[in-house]
Every structure is written in C-alpha cells, then in structure tokens.
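Given next are the chains, with one letter for each unit.
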Amino acid sequence: MIEFQLDSTSGVATYLQLVQQVHQALQLGLLEPGDQLPTAQQVVGKLAINPNTVLKAYRDLEREGLARARPGQGTFIVGTLPRTDPATQARFLESMAKWLRSARAAGLGTDDIEAIYRTAVRNCFAEGVA
Amino acid sequence: MTAVMETAGLGKQYGKRWALHDCSLAIPEGKVVGLVGPNGAGKTTLLQLAAGLLTPTAGTIEVLGGHPGSGPEQLGRVGFVAQDTPAYSRMSVSQHLRMGALLNSHWDDELAFRRIEALDIDPRQRAGSLSGGQRAQLALTLAIAKRPEVLLLDEPVASLDPLARREFLQVLMEVVAEHGVSVVLSSHLVADLERVCDYLVVLVASHIQVADDVAELLATHHRISGPRRDSRSLPADQHVIEESHTDRQTTLLIRTEQPILDPAWTTRPVTLEDIVLAYMGQARDQERARKSGLGVLR
Chain A
-18 MIEFQLDSTS GVATYLQLVQ QVHQALQLGL LEPGDQLPTA QQVVGKLAIN PNTVLKAYRD
42 LEREGLARAR PGQGTFIVGT LPRTDPATQA RFLESMAKWL RSARAAGLGT DDIEAIYRTA
102 VRNCFAEGVA
Chain B
34 MTAVMETAGL GKQYGKRWAL HDCSLAIPEG KVVGLVGPNG AGKTTLLQLA AGLLTPTAGT
94 IEVLGGHPGS GPEQLGRVGF VAQDTPAYSR MSVSQHLRMG ALLNSHWDDE LAFRRIEALD
154 IDPRQRAGSL SGGQRAQLAL TLAIAKRPEV LLLDEPVASL DPLARREFLQ VLMEVVAEHG
214 VSVVLSSHLV ADLERVCDYL VVLVASHIQV ADDVAELLAT HHRISGPRRD SRSLPADQHV
274 IEESHTDRQT TLLIRTEQPI LDPAWTTRPV TLEDIVLAYM GQARDQERAR KSGLGVLR
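Chains A and B are the protein sequences, given in the same order.
Residue -3 in this note's numbering sits at position 16 of the first sequence, and the numbers go up by one each step.
Residue 90 in this note's numbering sits at position 57 of the second sequence, and the numbers go up by one each step.
The hints are simulated quantities; they were obtained by calculation from the structure and are not laboratory data.
Incorrect hints may appear among the rest.
[Unchecked claim] Distance windows between CB atoms, simulated:
| hint | chain 1 | residue 1 | chain 2 | residue 2 | range |
| --- | --- | --- | --- | --- | --- |
| 1 | A | G15 | B | R159 | 42 to 52 angstroms |
| 2 | B | E320 | A | G46 | 28 to 38 angstroms |
| 3 | B | L136 | A | A107 | 55 to 65 angstroms |
Glycine residues also receive a C-beta, built at the ideal position from the N, C-alpha and C atoms.
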C-alpha cells in the first residue's frame, strides 16, 4: 500500500498530486496490478483533505485505465505505465546539462534559465492540447 | 439537485445594524462548504439562522428543504457546533454522551463511544479538565452521533493549536467519507479550508461576495500582469476583482470563463487564499467608496 503526501506550496491541485503520485509509483514499480489503493477514508484520515478530492483522483485513474473500483472492496490498480528507461533518462539529462552550460556561458542566471524552462514547457504542452 | 441551504433575501437586523443583509444563496448537498470572511462579517449570524437559533428579520432560509428550528424532526437533521466548542465543564464525558442519547431520537451510542475511545479520552473525565482540542472533539462527537444530514460548525478550530486543528479536520473528513454528511464550516484560516472544502462562500460586511465550487473558482480566476494600462480597456468577459498599478506595470486578479488571449499579459494561477483576499479587498473598497459618497452628500 502506498501513502500519499501533500505539498501545499506546489500550487498543483490536490487531486492532481494524488494522481501524479500513483503515476510515479507505477513508473518506479512501487505499485503493480492487483495492488489496492488506500480507501478515501484512510487518505482523508491522514491528510485532512476532502474525500471528494480522493474520489476525483481515483476517477481520473479509472478513466486512464490504471485503476478500477470494486464495490465494497476498494480501488485496485489494474494497469501499468511504461517504466522510464534509465538509458533514455541519462541521454536527456546529458543534453540538458549541455544546454545549461551554454546558457550559463551566455551569461544567464538561474532565474533566467527557470523562466525560459517554464515558458518552453508551457508552449510545448499548450501545442499538445490545441 | 437538493440544496443543503437555500436563502433568498435573507437578513438579520440588530437595532439599526444589519448583521446579515440581502443574502441569497443555494448551496448544493454533499459538499464541504467553507464560509470565510473577516470578524463581524455575519458568518455566525448565518450559521445560527441555519441552525434555528435565530429567526430572520427579512427574507427566507431553508435547510435541507425545511424551516430551521421548526420542530424536533428538523433539529434532528442538523448538527451544530457553536463557536469555542462549548461543553458543560462539571459534567463528565460519558454524561455528555448520555445526555446526547436522551435528547436525540437518532442517537448512535456505538459511534459516540467508538469516537471517544479512538481519541484516547477517558469517558470518566470531566469536560472542564479536557484540553481545548479534546473539548472540540467532544463537541464534534456529540454533533456527529446524533447522525445529522448536515453539520454546521462555527469557527471550530480557531482556538486550537496546529496539531489539534489538523486532528479535528482529519476526524471531520473521516466522518464526511463514512457518512456522506454535508458540512458548512466557518473559519478565517484559508489554508485549512483549502484542504477540506470543495465549495466556498465569501461573506464580507454582511454581504455575500462570491459563492461557488472551489474547482470552478480556481479555474476561472487568474493573476495577470503586464505593461501599465487602464483596467477598463479589458475585454467584456474579464471581471477585475483586484488591481494594482505602478508607473509602469499593471497587475490584476480577474475572473473570466474565456482564455486570456492578449500576449502582453503574463498569466499566473492563483490560490484559494489569493481569491479570498481579493474579494475581501474588493468589498472593503466598495464600502469605503460608499461611505465617502455619503460624506459628500452630507
């Protein structure tokens, strides 16, 4: 059984944090098909959040085909996510490091770089939506 | 959709002062509703009207489709925890539970004792010797064990330390998950409300400023900043809640259902606290404008 944590300063909606933590646990192999997720009551008893938030997160996971609710028993993992290949991760880390070095050499500071990163992520994922 | 609380033109007057004025609300069932606003805004008045402890001066209020305080049947459907979570200090915890059993027709004794045990409170202890957190938990237990359909809580955590506050909210949320009870909770600790509430009512100076689903509020409010400009030049769908200007820059908190297309704006998401503060500030400015307007007339 996994345990959810909340980061109240992240600005990420609470239900989304729960969804992301299940994704991460699946990618890391901490969760596998057949595993039970904590009940809404267990989650709210620990985090003091609205039970509807938990149910909303679980509904999202069901829509993605990752979890299924069994009446009277709870919500169980039924799907898998591709585990991120370590070699792929290393390759992108290397190209990112190279990019960062050239940005620094051009005189950009941490704040500039973070602003560029945020804008690029936003633009990139906005394209995906449109 | 059944409303847990529905008011129309509701008002309560004390002498010449309106503690609550022209309040029209329809809160859907099954929500955890946060009622926020500065001290003296009318939060307690609204909750006491809903509980049937007060009668309206103007307008109407219905709770779960019935009239508050109209009889034992209606009283049994509503659980109310007053400000400062009062208890009878010379009575023991178990005497409180016995009193609850005698006074309420749907009393769940098993639930009451299970809760007290889970909280590690000795039932023989006098209520007067409980800590603030324990007394709040006792008051909550009494309200829950009568198995109401809606729980009204007036600033239940205001006087508690952070740990006791968290524990109180944990128990409250467990109850919501277990029994599906609707909750209306007043507080000015917005950070707490952000975790537990899915519906928010902002009440300032005896008026409702905004009442909506939290998800809807977060999706439709944005903070935008850009080169200085007049906020009156915005598209008609963008409603300014808060604005501030420097000689070069303009920052606005706006509400809009539409995407923000103007590339001059940098858009940032807002927290529930930002939204609450913006509406409180807006109400304060309106009040000031109204008063200075009156001053001119004199």
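Quick rundown of the hints versus the structure:
1. A:G15 / B:R159: 42 to 52 angstroms: About 51 angstroms separates the Cβ atoms of A:G15 and B:R159, which means 42 to 52 angstroms holds.
2. B:E320 / A:G46: 28 to 38 angstroms: violated, 53 angstroms
3. B:L136 / A:A107: 55 to 65 angstroms: holds, 59 angstroms
Violated hints amount to a single one, hint 2; each of the other numbered hints is respected by the structure.
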